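I would like the entire structure built from these sequences, with the hints used as guidance.
Chains A and B, in that order, are what the protein sequence lines are.
Heads up: take any position in the first sequence, counting from 1, add 106, and you land on this note's numbering.
Heads up: take any position in the second sequence, counting from 1, add 1, and you land on this note's numbering.
What the hints contain is simulated information worked out from the structure, not anything from laboratory work.
Treat the numbers as computed from the prediction; the structure is a model and nothing was measured.
Note that CB positions come from ideal geometry on N, CA and C, so glycine has one too.
Among the hints, erroneous ones may be present.
If you want the footprint, here are the derived chain B segments under chain A, 3+ residues with CB under 8 Å [claimed, not checked]:
#1 17-26
#2 47-54
Pair by pair, the computed Cβ-Cβ distance ranges are [said to hold, decoys possible]:
#3 N261(A) - K17(B): 31 to 39 Å
#4 D43(B) - G370(A): 20 to 28 Å
#5 D198(A) - S28(B): 33 to 41 Å
#6 G505(A) - E86(B): 30 to 38 Å
#7 F414(A) - K17(B): 28 to 36 Å
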Amino acid sequence: MGIASPLGLGVERVWKRLLNAESGITAIQSFDTKDLPAKVAGPVPAGTRSEGGLDLNEWIPIKDQKKMDRFIQLALVAASEAVEDSGWMPEDEDGRCATGVMIGSGIGGLDTIYETSETVRAGKVRRLSPFFIPSALINLASGHVSIKYGFKGPNHAVVTACATGVHAIGDASRLIALGDADVMVAGGAEATINEIGIGGFCAARALSTGFNETPAQASRPWDENRDGFVMGEGAGVLVLEEYEHAKKRGAKIYAEVIGYGMSGDAYHITAPPDNGDGAYRAMKAAMRSARLEPEQVQYVNAHGTSTFADDVELGAVERMFGDAARSVAMSSTKSAIGHLLGAAGAVEGIFSILSIRDQVAPPTLNLDKPSRASVIDRVAKEAQPRRIEVALSNSFGFGGTNASILFRGAP
Amino acid sequence: MERVTPMSDTAEKVKKIVVEHLGVEESKVTNEASFIDDLGADSLDTVELVMAFEEAFGVEIPDDAAEKITTVKDAIEYIEKQKAE
Chain A
107 MGIASPLGLG VERVWKRLLN AESGITAIQS FDTKDLPAKV AGPVPAGTRS
157 EGGLDLNEWI PIKDQKKMDR FIQLALVAAS EAVEDSGWMP EDEDGRCATG
207 VMIGSGIGGL DTIYETSETV RAGKVRRLSP FFIPSALINL ASGHVSIKYG
257 FKGPNHAVVT ACATGVHAIG DASRLIALGD ADVMVAGGAE ATINEIGIGG
307 FCAARALSTG FNETPAQASR PWDENRDGFV MGEGAGVLVL EEYEHAKKRG
357 AKIYAEVIGY GMSGDAYHIT APPDNGDGAY RAMKAAMRSA RLEPEQVQYV
407 NAHGTSTFAD DVELGAVERM FGDAARSVAM SSTKSAIGHL LGAAGAVEGI
457 FSILSIRDQV APPTLNLDKP SRASVIDRVA KEAQPRRIEV ALSNSFGFGG
507 TNASILFRGA P
Chain B
2 MERVTPMSDT AEKVKKIVVE HLGVEESKVT NEASFIDDLG ADSLDTVELV
52 MAFEEAFGVE IPDDAAEKIT TVKDAIEYIE KQKAE
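Written out as structure tokens, the structure is:
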């Protein structure tokens, strides 16, 4: 597994900081926010690899950096960690052809498109880089990872806004189940902390604007004072593998994907219906595919973006779990890293897996007073040691797309 | 008169651009070096390289001329010729 996030690079480092209730949200420095109401975000911190920061020169040859948007760069960083961690480096052609890549993004090369349009606006349309298109295309994250490692199996990319990461893990696991590949490198990447990214979500009234002076408090899922999500950037990548294939080569197995469910709201372009029926149906479908009863799930990593929709999801989870809701812990790790859009589901999937490995539910920061009471423990402010055998992770996206995935500890 | 001398300003500048854009060692950028065969460029790299030459020297290199610029020497000669006109 591999992560690039506002809490830095590297799965173990990010996880440790998350459990310590640290926040990766800061005041935006990369551009002038004076005309924007939202002034905080979660960038991947700069620094050396050994200190958990990002120095691109350590990861990607300088001449190649300009050929790819930042979301692809972040995907390559997370994929490198994941592939190294998995130890899967096929040496024969059959192995390479049985290894695919499915890394998606919600928006793709927004920085690149923005900068390129400035060149056009300046009357220099003939001076566009030949790398503009391949730098901006969403599936080029998968493309670059496959080129770097020689993975010649299915090469695919999910684009379902903020549900991308979960869809990528779920769809990739199904490709393995269907026999299209033995190994899939799956995940999501996003890098849209720029003027049109922040400005666009501001225009949709989606971002937090009331905590510009106290960035670490801006993302506060379920809290009564929440006022919108905080944009983060990063990438999460997992190496999924057919069980016997992994066992045979003695691979380190973190967890098993045991269920996956999807649904559509058929309701509104950006908002869920009040009854959260789409979220409920996605979770229900995941539970059905895993043949699980609600009391068999102990942890939920919520979509929980720090918007009004948090309570909609809460209602759907309560409906899903029924009487078992009392014994489940649910937290939103977006409280620490913000909303990584297309990367969110992949990074949160990794957190869900680690919650099983370490038997601990990561905290929901800034949850001072929930806007609505619930029997579900939302792990306010501090990580909680808990018995966790199965974890559920939710992601919902604009367009009314919902995805839920279930993990169980290594068999 | 010989137009291209090994140490001309143009040659030096061209080589510097090649080193920067293709990420290759300076010693490999000889006059005879081919962008694609010797310096690891692909067709998109060469398009970008020609654009960089245009920008740096304030010249226009039409597509049909660009296609014929395949070595370092080709680039230096073309640019020197343009500048002389």
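Structure-based check of each hint:
{"no.": "1", "hint": "17-26", "in the structure": "holds (count 3)"}
{"no.": "2", "hint": "47-54", "in the structure": "holds (count 3)"}
{"no.": "3", "hint": "N261(A) - K17(B): 31 to 39 Å", "in the structure": "37 Å, holds"}
{"no.": "4", "hint": "D43(B) - G370(A): 20 to 28 Å", "in the structure": "41 Å, violated"}
{"no.": "5", "hint": "D198(A) - S28(B): 33 to 41 Å", "in the structure": "37 Å, holds"}
{"no.": "6", "hint": "G505(A) - E86(B): 30 to 38 Å", "in the structure": "57 Å, violated"}
{"no.": "7", "hint": "F414(A) - K17(B): 28 to 36 Å", "in the structure": "56 Å, violated"}
Checked against the numbered hints given earlier, this structure breaks hints 4, 6 and 7; the rest are met.
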